[in-house]
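Chemist: Let's have the full structure, built from the sequences with the hints guiding it.
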Amino acid sequence: MGTFLTELYTSRKLIVQLALRDFKIKYVRNYFGLAWAIIEPLAMLMIMLLVFTYLRNRSHSEYPFIVYLLSGVVGFNFFSTALGQATHSIKSFSFMINLVHLRMSFVPFISILSTFFTHLIVLGIAIFILLLNGIGFSWYWFQLLYFMLASWLLLIGLTWFTSALVVYVRDLQYLISIGMRAMFFLTPIFWDITMFPEQYRHYLKINPLFHIVEGYRMSLLYHQPFWSDGLAMLSFWVFTLFFLFVGAFVFRKLSPNFIDVA
Amino acid sequence: MNEEAQIKLKHVIKQYRLYNSDTTRLVHTLFPFGKSRYKSFTALNDINLEVGKGEIVGVIGRNGSGKSTLLRVIAGVTAPTSGNVKVCGTIVPLFGLGAGFHAELTGRENLHYFTIMQNFDNYQSEDIIQQAIDFADIGHFVDQPMRTYSSGMRARLAFSISIFLDADIMILDEALAVGDAHFKEKSYEKMHALINSGKTIIMATHSEKEAEKVCKRVILLQNGEIMQDGLPEEVIKFYRASIKRNAPANKKPINNQRKKKIETPEED
Chain A
-16 MGTFLTELYT SRKLIVQLAL RDFKIKYVRN YFGLAWAIIE PLAMLMIMLL
34 VFTYLRNRSH SEYPFIVYLL SGVVGFNFFS TALGQATHSI KSFSFMINLV
84 HLRMSFVPFI SILSTFFTHL IVLGIAIFIL LLNGIGFSWY WFQLLYFMLA
134 SWLLLIGLTW FTSALVVYVR DLQYLISIGM RAMFFLTPIF WDITMFPEQY
184 RHYLKINPLF HIVEGYRMSL LYHQPFWSDG LAMLSFWVFT LFFLFVGAFV
234 FRKLSPNFID VA
Chain B
430 MNEEAQIKLK HVIKQYRLYN SDTTRLVHTL FPFGKSRYKS FTALNDINLE
480 VGKGEIVGVI GRNGSGKSTL LRVIAGVTAP TSGNVKVCGT IVPLFGLGAG
530 FHAELTGREN LHYFTIMQNF DNYQSEDIIQ QAIDFADIGH FVDQPMRTYS
580 SGMRARLAFS ISIFLDADIM ILDEALAVGD AHFKEKSYEK MHALINSGKT
630 IIMATHSEKE AEKVCKRVIL LQNGEIMQDG LPEEVIKFYR ASIKRNAPAN
680 KKPINNQRKK KIETPEED
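Going line by line, the protein sequences match chains A and B. So that you can map any letter, position 13 of the first sequence is -4 in my numbering, and since no number is skipped, the others follow by simple counting. So that you can map any letter, position 128 of the second sequence is 557 in my numbering, and since no number is skipped, the others follow by simple counting.
No wet-lab data here; the hints were simulated from the structure. If you're wondering where the values come from, they're calculated on a predicted model, not measured in any experiment. One or more hints might be untrue.
No farther apart than 16 Å at their CA atoms in a straight line, the calculated lysine to aspartate or glutamate pairs in the EDC-like style are these [to be verified]: (1) A/236 - B/451; (2) B/613 - B/637; (3) A/9 - B/533; (4) A/74 - B/637.
Modeler: So, in structure tokens, the structure goes:
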């Protein structure tokens, strides 16, 4: 654990540079370049806004729907994009195995970080839109740092697991994208927990993404401390620790073979 | 070799496991107990090798004889199954033609990231990159995306950046195979200059002419073993003779069974 952290510290520049490279490659070929990092999620948001404004139950939220939706979807999108990208990371960075003396377990970090750059840009725009809709600044906004850290940790554990396995079992990527699509509906992005009867709410909070998505709202809208939903928080950390351990175990076992398989 | 050994390999063995499928490999890697269904392929068999500072060593042998695996083991890219590898100094490995370069980035950008990947500090990397660009001499293509390059241009750029990174040891795997005569000539000169300044070079090559011209010492690998190790003329003579003698041996099944993905994976 100690050597892991010191190595992470010494490799930090390399990881950041490789993430920047990844970020650049993603956008370099398009005419609009970096603008897509903004246009794509905004377009998605507009579509959801159109669709769900009709469907939603008007009773549940005191906030304008766009504010509610935006504050929730930002965190979710980061998570789901990062999961997808980082699951591919061992494959897409396999050229590096020959070149760089970088601990393999840092490779998913590169993808997560590169997605995180986009996330920061989108978050900036989201906050701008919130301000336009009359949501004021609060010190609770800085609580986002906790939720970002939390998403990072869950992502690290999960993608150690998925990125190592997908090298052997390619089919996994389809399962993940189906899974994330299901999670989109199981997480309170366009719906509200109060729309469900009291006795079912606990089950919805088992979903670890509940803590993240609601957490972004706690920070941006509700101005509640991050521990105010104990059950969701507990479930999140149980999942996160579980995946960190399982992910580390699986990755450790499989990574020596990457050079032969990836 | 009077100099102290800079690279020292002792009883190095590298075996690859050939599984019937990725699934059996996965299961056996995760739970390594019980009898498993894999065949071992010995890519390197009991290699003992010492290379001193300032030496330039060529490695020759047929496809699948273990050249690349040997270079990989020396570069520390892959660990030997057993045995001991000791290397003093920094290494720049160059496997494949421009592996690590991305087609969508320009030559200059690729060089930038390449130097970073080799862990070189930023403050001097601009100089190094400029020198490499001058040496590669590919004109205005430097600022074009790499997908517009010919394979020769890519190789030139990759080779140039490797020699200007100023590592103690350079490992070249077929680095000059596609360069034109003029560039090769220029590169040989540069390599000699590097050797004279105390660098060590190990290069795998299929060009006997190149081995004879550049190297002071040549190693012949065959089925993962060092068959010959000595002066270029003698080793090459032996190699030529053995090719003639064993020409039908090519059809031995062992050669077709080479592990699946040993080539440098290209980025897409």
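Chemist: Next step is simple, just say for each hint if it's right about the structure.
Modeler: We went through each hint and held it up to the structure:
1. A/236 - B/451: The given pair, whose Cα atoms are some 15 Å apart, holds under the 16 Å limit.
2. B/613 - B/637: Holds. Residue 613 of chain B to residue 637 of chain B sits at ~14 Å (cutoff 16 Å).
3. A/9 - B/533: At roughly 9 Å apart (the allowed maximum being 16 Å), residue 533 of chain B and residue 9 of chain A satisfy the hint.
4. A/74 - B/637: Distance ~35 Å between residue 74 of chain A and residue 637 of chain B Cα, so the pair is violated.
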